[in-house]
Structure formats: C-alpha cells, structure tokens
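Participant: Chains as they are written, first to last, in the working numbering: chain A, 330 to 755; chain B, 82 to 386.
One thing to keep in mind: the hints can contain errors.
[Stated by the list, open to error] Non-contacting residues of chain A with respect to chain B, defined by C-beta distances greater than 12 Å in every case (computed):
#1 399
#2 435
#3 504
#4 603
#5 677
#6 684
#7 685
[Said to hold, decoys possible] Far from chain B, by Cβ distances over 10 Å, these chain A residues were calculated:
#8 369
#9 553
#10 650
#11 674
#12 681
#13 731
[Stated by the list, open to error] Okay, derived cross-link-like pairs now, PhoX-like style, lysine-lysine, Cα gap no bigger than 25 Å in a straight line:
#14 B/358 with B/255
#15 B/358 with A/737
#16 A/402 with B/270
#17 A/429 with A/345
#18 B/380 with B/208
#19 A/737 with A/402
#20 B/358 with B/380
#21 B/358 with A/345
#22 B/270 with B/176
Since the hints were made in silico from the structure, they are not lab data.
The C-beta atom is built at its ideal place from N, Cα and C for all residues, glycine as well.
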Amino acid sequence: MLFTNPNDPPILAALKDSLFVGLIAFLVFAPISGMVLDGYGFNSHLERPAIMAAIVFAGRFIYQFLAGTSFGKNLIAKFAASKAKPGVYVGQSDGLKYLKFILPVLFIACLILPFFLDKYWLSVATLAMIYVLLGLGLNIVVGLAGLLDLGFVAFYAVGAYTFALGSQYGIGFWTAIPLAAILAAMAGGILGFPVLRMHGDYLAIVTLGFGEIIRLILNNWMEVTGGPNGAPAPNPTFLGIEFSRTAKEGGVPYHEFFGVTYNPAAEYIFLYIVLFLVVSLMIFFFSRLRSMPMGRAWEALREDEIACRSLGLNHVMVKLSAFMMGAMTGGVAGVFFAAQQGFVNPTSFTFFESALILAIVVLGGMGSVVGVVLAALVLTILPETLRTFAEYRILIFGILMVGMMLWKPRGLIRIRRPYFSRGDSK
Amino acid sequence: MDFHILGQQLVNGLALGSIYGLIAVGYTMVYGIIGMINFAHGDVYMVSAYLTAICLAILSYFGMVSPFFLIVITLIVTVFFIALYGWSIERIAYKPLRNSPRLAPLISAIGVSLVLQNYVQVSQGAKTQAVPTILPGAFRFGTETEFIQITYIQVLLIIVSFISMAVLTYIIQKTSLGRQCRAVQQDAKMSAILGINTDRIISTVFIIGAAMAGIAGVLVTMNYGSFDFSVGFITGVKAFTAAVLGGIGSLPGAMLGGIILGMSESLFSGFVNTDYKDVFAFSLLVLVLIFRPSGLLGKPLVEKV
Chain A
330 MLFTNPNDPP ILAALKDSLF VGLIAFLVFA PISGMVLDGY GFNSHLERPA
380 IMAAIVFAGR FIYQFLAGTS FGKNLIAKFA ASKAKPGVYV GQSDGLKYLK
430 FILPVLFIAC LILPFFLDKY WLSVATLAMI YVLLGLGLNI VVGLAGLLDL
480 GFVAFYAVGA YTFALGSQYG IGFWTAIPLA AILAAMAGGI LGFPVLRMHG
530 DYLAIVTLGF GEIIRLILNN WMEVTGGPNG APAPNPTFLG IEFSRTAKEG
580 GVPYHEFFGV TYNPAAEYIF LYIVLFLVVS LMIFFFSRLR SMPMGRAWEA
630 LREDEIACRS LGLNHVMVKL SAFMMGAMTG GVAGVFFAAQ QGFVNPTSFT
680 FFESALILAI VVLGGMGSVV GVVLAALVLT ILPETLRTFA EYRILIFGIL
730 MVGMMLWKPR GLIRIRRPYF SRGDSK
Chain B
82 MDFHILGQQL VNGLALGSIY GLIAVGYTMV YGIIGMINFA HGDVYMVSAY
132 LTAICLAILS YFGMVSPFFL IVITLIVTVF FIALYGWSIE RIAYKPLRNS
182 PRLAPLISAI GVSLVLQNYV QVSQGAKTQA VPTILPGAFR FGTETEFIQI
232 TYIQVLLIIV SFISMAVLTY IIQKTSLGRQ CRAVQQDAKM SAILGINTDR
282 IISTVFIIGA AMAGIAGVLV TMNYGSFDFS VGFITGVKAF TAAVLGGIGS
332 LPGAMLGGII LGMSESLFSG FVNTDYKDVF AFSLLVLVLI FRPSGLLGKP
382 LVEKV
C-alpha cells in the first residue's frame with residue numbers, strides 16, 4: 330500500500346492500510362450518500378458516509394490483522410478458492426445416496442403444497458416456480474454452454490405475449506404452451522444464428538440490445554400490443570372446463586362439472602400444479618440432457634472452443650441448440666406468467682428481470698440444476714418475507730453477484746459427477 | 082425536406098455524438114487492454130451526473146454565480162471523484178478476476194452496475210433530479226422562422242469533448258504512460274516481462290475511462306438539465322454501440338462511431354420516429370456486430386490458441 334513501510338510491525342502496517350482504505354471509502358461514499366439533492370439545493374447527511382467508511386475501516390483492519398496471525402492464515406486458506414492437489418486425478422462424484430428416496434417425497438410434497446397455502450403465498454409459490462423454469466432455461470445457455478445471454482427476458486416476453494395476444498384469435502392456454510415454445514425458440518434461432526459465430530462477449534451485448542428492442546416495440550406498438558397498458562390474458566382451462574364461478578357461453582365451470590363446491594383459488598391451484606409438472610419434466614429432461622452427447626458438447630465448447638472446433642464439432646449448431654433450448658424454456662415460462670397475472674405489460678420485461686434471472690443462475694452455481702432451483706426459490710421467496718429490505722433488494726443482488734464471482738465462481742452448491750482435475754494448472 | 086430542420090438535427094447529433102464518443106472511450110480502452118466489456122461504465126457516467134448536480138448545489142450554496150468558475154470547478158471535482166470510483170471499482174470487482182474464466186468479470190461488472198444504480202437510488206431517491214441552467218443563450222443562424230440554433234452549452238460541450246479527446250490522444254500517442262498502455266494492449270505478458278507494471282496500467286486505463294465518462298456526465302447534465310438513477314443503462318449501451326461501430330479498441334474509432342451514431346440517431350428521431358430511436362440505435366448495434374464486428378477503424382479479431 331501507499332504509506333506502508335516494510336519495516337513496520339504488522340499491527341501498524343494493518344492500521345495504516347486500513348486507514349487508507351477507509352479514507353478512500355469515505356471519499357467514494359461522501360458525495361452520493363452524504364449530500365442528498367433537494368431541488369437545486371442539498372441536504373447534508375455526512376454521518377452516513379462516515380459510518381460506512383468506519384465499517385469498511387474496521388472490516389479491513391480485522392482482515393489485515395487476522396491475516397498476520399497463523400489462525401487467520403489457516404482461516405483464509407480454508408476459504409480460498411483452490412484446494413486442488415497437484416497432479417491429474419479423478420475426483421469422486423458426490424452424488425447423493427438417498428436421492429431416490431428424497432425426490433419422490435419432495436415431488437409429492439410440492440404437488441400437495443398449494444392446497445395448504447392461502448392465495449397470497451400461492452401466487453408467491455407460482456412465481457417462484459416460474460423463476461425456477463426461467464433459471465433452468467438460462468442455465469442451459471449460461472451455465473452449460475457458457476454463452477452470456479443478457480436479453481433472456483425477451484423470450485419470456487415472447488411467450489407471455491403469445492398467450493395474451495393469441496387469445497384474441499382463439500388460442501387457449503394449452504395451445505399457447507407449445508406455440509410459445511416454438512415461437513420463442515424461433516426467435517432465439519433467428520437472433521442466435523448470425524450472432525453465435527462471433528466472439529463470445531459480443532453475444533452479451535447483442536442479446537442485451539435484442540431484449541431492449543423487444544421491450545421497446547412492445548411499449549410503442551400501441552395497435553397490436555396495447556403499449557404500456559398491456560394486454561389481457563385469459564384464464565387457463567382444463568379440457569374446456571373453466572375455473573370461473575359462471576362459465577362463458579357454452580362452457581361448463583369446474584364445480585358444476587365435478588359437482589363440488591366452488592373455490593375461488595382453484596384456478597391458481599390448477600395453474601401451480603400444471604406449472605410444477607412442467608418444471609419437474611424440465612428438470613428431468615435437463616439432467617438427462619447433460620449426460621447426452623448434446624449436453625457434453627455444450628460443456629466441452631464452454632471449456633475450450635478452439636479445441637472443440639478442431640475436433641470437428643460444429644460450434645454454431647451446438648451453441649444454437651443451447652440457445653434455442655433456453656429460449657424455448659423462457660417462452661413456456663412466459664405463458665405461465667401471463668396466465669398467472671391475468672394481463673401482461675412491458676414493465677415486466679425490463680433488463681432488471683434479465684439480471685435477476687442471471688443472478689439466479691450465478692448464485693445457483695452455473696450449470697447445477699439443484700443449485701438453480703434452490704437459488705430461484707430463495708431469491709423469490711426471501712424478498713417476500715423480508716419486506717423491510719425491499720428497497721435494498723437489488724443492491725444485495727449486485728453485491729452477491731460480485732461476491733460470488735470473487736470467492737465462488739462455480740457456485741455455492743455444486744453436486745459433482747466424477748471429474749478430471751488438473752491441480753497443477755494454477 | 083426542410084434544411085433548417087436537417088441542420089438543427091445535425092447540430093444536435095454532433096453534440097449527442099461527442100458525448101457518446103467520450104463515454105465510448107471507457108469501453109474501448111478497457112476492452113482493448115483486458116478484453117472485457119465494462120458493463121458498469123454507463124452507471125459510472127450516471128454517478129457523474131449526480132456528482133455534477135451535487136457539486137453545483139454546493140457551489141451555489143457558497144454563493145458562486147460566475148458560469149466560468151462553476152463549470153471549471155464542477156469539471157475538476159467531478160472528474161476527481163469519478164476517477165476514484167473507476168479506480169475503486171476496478172480494484173474491488175475486476176482485479177481479483179484477472180485470471181478467471183471469461184464470463185466471471187462480465188458477471189461481476191453486471192453486479193457492480195446493479196449496485197451502483199441501487200446505491201444511488203437508495204441514497205438520492207428515485208425521483209428525477211434537475212440542475213439549474215448555468216449558461217443560457219444561443220447562437221442562431223437563418224431567418225426569423227427558419228433557423229438553426231446552437232446553444233452556448235452545446236458549443237461548450239462540443240469544444241470540451243474535442244479538447245479532451247485531443248489531450249487523451251496526445252497522452253496515448255506521445256507520453257511514456259501512453260506507450261506503456263499501448264504495449265500492454267498489444268501483449269500484456271511481454272510488457273510485464275519488460276518491466277511495465279501492468280496492474281498499474283490497467284488501473285490507469287480505468288481511471289481514464291471513468292474520467293472521460295465524468296466529463297461527459299458534467300456536460301450532458303448541464304446541457305439537458307435532468308437525469309435519474311437509470312440514465313446510465315441506455316446511454317451506456319449506446320456508447321458501447323459507438324465503440325463497436327468505430328472499431329473496439331481504437332481511440333479515434335470511438336469518437337468517429339460516437340458522432341456517426343449521434344447524428345444518425347438524431348436524424349432518425351427528427352425525420353422518422355422519436356419513439357423508436359432507441360430501437361434504431363440497438364438495431365444498428367446488432368447489425369454492426371453481425372456484418373462488421375471489427376467496426377470502421379478496428380482490426381479484425383484473431384483468436385489465438
């Protein structure tokens with residue numbers, strides 16, 4: 330650091346270093362959080378940056394001080410990223426032994442869960458499931474194929490609007506699901522085909538631009554999409570049986586058909602169950618896909634594109650398959666979102682939504698299905714329970730994203746299959 | 082076609098374009114040196130808009146009214162603080178990721194972008210902020226009804242951005258620091274062997290990029306007068322478009338791309354449709370990346386094993 334002298338005793342060096350860091354922190358925090366604009370004037374709240382700088386100072390000092398002791402050194406080594414032994418060796422899979430007992434129990438628990446929830450928590454659970462689906466879709470693109478897609482929300486929007494706008498032309502819930510999947514996959518294909526040939530980073534920006542184009546068109550093309558007011562989406566039906574109290578012309582409401590008493594939550598319970606079955610199917614599908622040649626090709630391409638190409642893999646087609654598969658999942662999620670909300674408008678499809686889905690994939694450990702599912706559940710349910718921190722939600726997401734990249738770029742939860750490791754490469 | 086409207090849109094486009102050019106410098110230099118899209122750069126620009134407003138508020142609190150001193154002091158203070166932001170962000174979020182997989186710094190940058198936006202939103206409130214007009218008045222050319230108007234602040238904006246670009250070009254082309262920057266850009270490992278402190282050079286590049294975005298922030302804020310915490314995203318993507326258009330990694334390319342983008346965008350909104358001007362800019366980005374990813378002045382990218 331700047332003012333330290335190699336001959337300083339460790340405590341003095343730590344103190345100087347932390348003072349320097351604290352000063353920088355104060356200067357960085359002071360203008361924005363210390364001087365709050367009020368019209369053309371300002372209100373001074375200099376105590377806020379002072380507190381933040383003091384926290385930074387204390388944290389840095391403790392860290393530096395601990396780093397000097399043997400206890401701290403052990404602690405840091407324990408949390409350090411690389412624990413690999415030198416040499417090439419085959420690692421053990423940490424596949425769970427009791428998985429075949431846990432899975433059916435979980436499956437049944439999730440299936441009967443909606444009957445015990447009130448309407449609010451049912452909608453939270455449905456939303457969480459939608460994010461699981463979105464996370465799974467983006468996980469293929471980012472986690473497995475290593476393509477950074479920052480416009481994933483575009484495919485989500487395509488799905489949602491397919492259902493909402495299609496309903497005006499007689500497209501029902503069940504037709505909309507495959508139709509949205511096809512349309513979203515096609516959109517992914519059209520976007521991906523020219524772009525996927527290029528250098529990886531550009532893909533992030535192109536998809537970002539594409540996501541914004543879709544949102545702006547939805548926002549401005551008033552005649553078709555309804556603009557900022559959005560478009561209504563109809564209720565889902567089951568084999569033509571409706572879930573409203575009184576059916577439309579010629580329809581039969583479910584309570585008359587089955588001869589049960591009317592429950593206003595039935596529609597949402599039905600939606601949740603269908604969604605849960607779709608999510609389960611996707612999880613099954615994706616975990617199988619990973620060990621198929623296609624999934625292996627995705628991961629191989631992510632690790633080393635040049636090697637794959639020289640071994641004869643068609644890198645554009647492999648990437649395109651991942652991109653379209655992810656887009657398809659996003660489209661299906663969009664249909665459920667539209668059905669659950671009852672209407673769609675462009676504010677649901679901003680860049681922040683893409684970033685949230687990306688945060689789910691990153692926090693879940695890129696490529697891990699279990700991790701993505703858990704991260705989606707945590708990131709959607711936790712903000713509902715911590716309403717007081719609602720305004721800090723994005724801040725915490727951002728810090729988590731940076732922190733994850735710094736300490737655990739492979740994710741918090743990582744269930745590995747047998748793997749090769751070359752420990753000496755570092 | 083009305084020539085005064087065309088002329089007016091070209092003037093507006095030139096002003097807008099030189100701003101895009103200034104911000105694009107940050108993208109293009111960082112990309113050139115560590116091959117990473119600094120996603121948080123647009124938000125650094127946004128922070129500088131807030132710094133400008135805060136600085137102006139403090140200066141007018143102390144009773145300063147002279148436009149010259151207001152502008153000069155605001156520029157210096159904002160550039161100092163925003164450079165500090167650029168340096169700290171690089172130090173915290175990117176430097177530890179120097180040798181990690183390609184995706185990691187990009188995701189980290191998105192995290193930084195979210196943090197900056199929300200930090201500003203939480204501390205300053207979500208409402209749109211405004212600054213008073215410092216330099217009112219304009220030059221007018223033409224008749225009473227059909228004229229081209231250039232405000233003084235637009236003139237200042239264009240002059241300051243060209244001066245900053247000239248200074249930066251001088252630094253990069255002629256000074257020892259600039260030579261080191263170019264060396265690291267060409268081959269980081271080799272220049273480290275030859276005794277260049279690559280980490281320090283990379284930090285310097287982030288500081289330069291942030292400073293240029295800071296200058297842009299001051300000028301734009303004084304020109305348009307209003308901003309909020311989300312302006313960084315759209316401006317950032319457009320500036321990135323400018324960088325790609327001019328050829329990423331190329332300094333004159335950034336300015337050229339910025340001016341082309343600014344002019345075509347403002348012609349588009351003047352003669353075609355204002356609602357779709359962002360769609361136009363994004364479509365331009367996608368098309369350039371598809372058909373000419375090396376841009377106008379850039380060198381084609383060759384991937385080495």
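Participant: Now, for every hint given, state plainly whether the structure supports it.
Facilitator: Right, here's what the structure says about each hint:
Residue-level check passed: residue 399 of chain A sits 24 Å from the nearest beta carbon of chain B, beyond 12 Å. The beta carbon of residue 435 of chain A is kept farther than 12 Å from every beta carbon of chain B, the shortest such distance being approximately 29 Å. A cut-off of 12 Å between C-beta atoms confirms that residue 504 of chain A is not in contact with chain B; the least separation is 30 Å. In this structure residue 603 of chain A is separated from chain B by more than 12 Å, as the shortest Cβ-Cβ distance comes to about 33 Å.
The Cβ of residue 677 of chain A sits about 16 Å from the closest Cβ of chain B, beyond the 12 Å cut-off, so the non-interface label holds. The Cβ of residue 684 of chain A does not lie farther than 12 Å from every Cβ of chain B; its closest approach is about 6 Å, which violates its non-interface assignment. Residue 685 of chain A, annotated as away from the interface, has a beta carbon of chain B within 12 Å; the closest lies near 9 Å. With a closest Cβ-Cβ approach of about 5 Å to chain B, residue 369 of chain A is found to fall inside the 10 Å limit, against its non-interface label.
No Cβ of chain B comes within 10 Å of the Cβ of residue 553 of chain A; the nearest lies about 14 Å off, and the non-interface call holds. The claim that residue 650 of chain A lies off the interface holds: its Cβ sits roughly 19 Å from the closest Cβ of chain B, which is beyond the 10 Å cut-off. Distance check on residue 674 of chain A: its Cβ is at least 16 Å (rounded) from any Cβ of chain B, clearing the 10 Å threshold; non-interface status holds. The non-interface label for residue 681 of chain A is inconsistent with chain B: the shortest C-beta to C-beta separation is roughly 8 Å, within 10 Å.
Not every CB of chain B lies more than 10 Å from the CB of residue 731 of chain A, the least distance being 4 Å, so the non-interface label is violated. About 39 Å separates the Cα atoms of residue 358 of chain B and residue 255 of chain B, which puts this hinted pair outside 25 Å; it is violated. A C-alpha spacing of about 40 Å is found between residue 358 of chain B and residue 737 of chain A, which places the hinted pair above 25 Å, so the restraint is violated. The suggested pairing of residue 402 of chain A with residue 270 of chain B is violated, with an alpha-carbon distance near 30 Å, which exceeds 25 Å.
Proximity of residue 429 of chain A to residue 345 of chain A is assessed by CA-CA distance (about 56 Å); at most 25 Å being required, the pair is judged violated. A distance of roughly 43 Å separates the Cα atoms of residue 380 of chain B and residue 208 of chain B; the hinted pair therefore is violated under the 25 Å criterion. The straight-line distance between the Cα atoms of residue 737 of chain A and residue 402 of chain A is roughly 19 Å, inside the 25 Å bound, and the hint therefore holds. A hinted pair counts as satisfied when its Cα atoms are at most 25 Å apart, and residue 358 of chain B with residue 380 of chain B does not qualify at roughly 29 Å.
At roughly 52 Å between alpha-carbon atoms, residue 358 of chain B and residue 345 of chain A are farther apart than 25 Å, so this suggested pair is violated. Simply put, residue 270 of chain B and residue 176 of chain B have alpha-carbon atoms about 16 Å apart, close enough for the 25 Å limit, and the pair holds.
Violated hints, in rising order: 6, 7, 8, 12, 13, 14, 15, 16, 17, 18, 20 and 21; the structure is consistent with all others.
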